[in-house]
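Required output: the full structure, derived from the provided sequences and hints.
Protein chains: 2
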Amino acid sequence: MDNRKMVDDITSMDEDFAKWYTDIVKKAELVGYTSIKGCLVIRPYGYAIWENMQRILDGMFKATGHENVCMPMFIPESLLNKEKDHVEGFAPEVAWVTHGGSEKLEERLCVRPTSETLFCEHYSNIIHSYRDLPKLYNQWVSVVRWEKTTRPFLRSREFLWQEGHTIHETAAQAVEETEKMLGVYAKFCEDALAMPVVKGKKTESDKFAGAVSTYAIEALMHDGKALQAGTSHYFGDGFARAFDITFSDRENKKSFPHQTSWGVSTRLIGGIIMTHGDDNGLALPPAVAPIQAVIIPIAAHKGGVIEKARELEQKLKASVRVALDESDNSPGWKFAQYEMKGVPVRIELGPRDIENGECVIVTRHNREKTVVKLDGIVQAVEQKLREVHDGLYKKALENRIKRTYDCKTTDEMIDVMRENGDGFIRAMWCGSEECEDAVKEKTGAGSRCIPFEQESISDKCVCCQRPAKTMVLWGKAY
Amino acid sequence: MDNRKMVDDITSMDEDFAKWYTDIVKKAELVGYTSIKGCLVIRPYGYAIWENMQRILDGMFKATGHENVCMPMFIPESLLNKEKDHVEGFAPEVAWVTHGGSEKLEERLCVRPTSETLFCEHYSNIIHSYRDLPKLYNQWVSVVRWEKTTRPFLRSREFLWQEGHTIHETAAQAVEETEKMLGVYAKFCEDALAMPVVKGKKTESDKFAGAVSTYAIEALMHDGKALQAGTSHYFGDGFARAFDITFSDRENKKSFPHQTSWGVSTRLIGGIIMTHGDDNGLALPPAVAPIQAVIIPIAAHKGGVIEKARELEQKLKASVRVALDESDNSPGWKFAQYEMKGVPVRIELGPRDIENGECVIVTRHNREKTVVKLDGIVQAVEQKLREVHDGLYKKALENRIKRTYDCKTTDEMIDVMRENGDGFIRAMWCGSEECEDAVKEKTGAGSRCIPFEQESISDKCVCCQRPAKTMVLWGKAY
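Residue numbers (the numbering used here), protein chains in the order written: chain H, 2 to 479; chain F, 2 to 479.
It is possible that some hints are incorrect.
No distinction is drawn between identical chains; accordingly, a pair holds when it is met within one copy or between any pair of copies.
To be verified - Here are the simulated EDC-like pairs of lysine to aspartate or glutamate, each with C-alpha atoms no more than 16 Å apart in a straight line: (1) 208 to 52; (2) 461 to 407; (3) 335 to 16; (4) 226 to 86; (5) 38 to 104; (6) 136 to 30; (7) 38 to 78; (8) 149 to 107; (9) 200 to 456; (10) 105 to 148; (11) 38 to 107; (12) 83 to 308.
I should point out that these hints are in silico values taken from the structure, not numbers from a laboratory.
Here's what the structure looks like:
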């Protein structure tokens, strides 16, 4: 049985990674295209991944004291204009509503590219005293950014995300929140998505529009390019001053509160694809896989096979998202199909297995087969799902470690990336924007972040060779 | 303790029902206003009600075989224009996007007022054979309709909803789906919202734009006005023909599939307020109440009270959404506050109660007090929550029965409504649009629906006195 052949309309990833990616999102039925560029249909299989991500993240947000709210999708132009840096960052890429029905609106409204301004307007209405603080809010919505180049999940004109927005009495509390939520994101990526990430701070030039500082988690994809997987911003009191949000503090003085915001998006689905996928298709981390285990009956026409398969399905249902494929496609076609869909565990069950009181379990990421007693099937599948998670994480981490290079000069950076096909570069930086730009221009790799975990690669800046201040993680990015 | 006094900034419902309603949505912190008319912030307490509704409904949709998807929020003008009746119904009230960043778009995009056209475009891409049918889809999104008059939850320019969209091999299957989902809505309203509804069919003039037939559930509010609580539409193959969606049927002939759509929205929160609320504020059905039981310590400064209250909270947590208010507000203030917020059950716990191994439980809807042993507190609270649900339902049903009148002439209708403050009128109808319009003009009451459960009130049309065809439920509506 040549499974490879069954999915041979997926381009090989080494041949053309971009085409491999697009093939997967289409063939695995994650998205559908529409007549508007960059606006996609998220199909049931793709949306189910997002629902699983939502459920886990939402639980983590609530466990850390956050409440969900919902702001309108429209922002009046005058409101967007209130914070100078913010509007400069976003105005060039917003969609403008100018008419309601047949009437021209008095003021243009943009479709939210992000909702800081809306939260600020709301805060200014509801915050009066230190007793009203903090407010720890989150919302699950879609946002619109009118990008020129688009790519499913990675860069869409409309995308789904969550945006956390919090407001605090003191700067210290807001900074603590910013860091805490970056930690939540890192934990989520590692524990749920099996995706190792580097935590760090963005450079000044790479901050969110309006932020004092932006933190990010960065992941390395299979092709050696970096993906910014989540960001957390500390705003100081800049937005509060721009929107005149004040409160009576504990000394009964008028004071400006301090804010944060943080977000992850459906972009993470792109991250899963490019971290774990292979030439056979998707490989999904069990925590977010819509189907965690699929049962495939062998010689299903033979007496007792379907019945036993259904019995297995019932047994597993309580603790595993399980599916049984009773269709009349061949087992070989099904093997290839569910491998392509990235289902972590496949259970093969035929007449001989049943006779022996056994079945065969195959794990997606390494295609390892294990013969398992039907008696202990639930524990065995649960165990295998843990193994798949650990296996995916280990593979991704090894890939990142293997492809993280320490460099002392930009020439070294160029050589290393050419030889190895991109990757993460750790190199020192003097802190000047000129050097940051020059590195990008010479090597194609931008600063991804200033990792929290610093090491000294050298004393000198990778670019100007003057004294270095920090180690920066560089890379080409999605 | 005069609790009434504590919430005396809520207008009495008999004095001014509209103002009572607005007071509640503001004081109970369900919504916040923004600078755009009809676009509201749904605040944590309001959003938590919606989340509970979503969770229950989503479970019911999945149990009936539906999958969630997500369509884009934008519809190109040419796509909206494809189905004649549909565009006529919606074009006058859509918001138009004309610019992306600083560039004018080649084609205007409207922000979805509903997503039939987007689903149709997608169906035409993915449906080829009868084997691809049915598709049973749903999405949780917000939609925009540029209304002139707006009111929180009941009529907003942007509102949250779910829209189910399904496509079937045969007309019979699509009709069955339309009816099934109306049944799901009715069950949800009655079992989760304690809101009795009448199931029926809309008249021709009141159908959804593009539908062959529209079914609805109608509820009677406290003020005697009707609320359309949910709708389910059967489209026949009209959309399929307009969008050229075809499939090879079982005889291998090209055939048009049959479609449905169905939706409920945050409007249901308005329905809950106006069905169950009273002069003390909200009264929430337990299934969707963000807090089902609140513990209020009495003489909290006395030794052991807070400790015991926390112990109670821990005990209840596993099966009840419970809160403990440890703030230093007075018990009386807290009683009024949580009554206003509609919390179904209040638990009072003071030093003497603790001595006796007891506490006092007060149910919101009837303010009945019960002394309960602390030993059996979990079962007692669970029991009380069921009683609250049943009590709310009974009260609402009695109100509807009391205010449903049978009339034989429009004069009778006018008299009955004047005497009793609106209500539901059951009266016969000849089936002509002229009579339907004339009744509306003379009495102010429109046709709500043609109830599935028909009775014969008379042989003659309430308006023209010619032979009647069906019994219609009439009423003034939100």
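Hints, verified against the model:
1. 208 to 52: Classified as neither; 29 Å inside a copy, 33 Å across copies.
2. 461 to 407: within (13 Å within a copy, 91 Å between copies)
3. 335 to 16: neither (26 Å within a copy, 67 Å between copies)
4. 226 to 86: Classified as neither: same-chain Cα gap 29 Å, cross-chain 49 Å, threshold 16 Å.
5. 38 to 104: Result: close only across copies, 15 Å inter versus 27 Å intra.
6. 136 to 30: For residue 136 and residue 30, the Cα distance is within 16 Å only across copies (14 Å; inside one copy 39 Å).
7. 38 to 78: between (25 Å within a copy, 15 Å between copies)
8. 149 to 107: between (28 Å within a copy, 14 Å between copies)
9. 200 to 456: within (14 Å within a copy, 69 Å between copies)
10. 105 to 148: For residue 105 and residue 148, the Cα distance is within 16 Å only across copies (14 Å; inside one copy 25 Å).
11. 38 to 107: between (29 Å within a copy, 12 Å between copies)
12. 83 to 308: neither (66 Å within a copy, 48 Å between copies)
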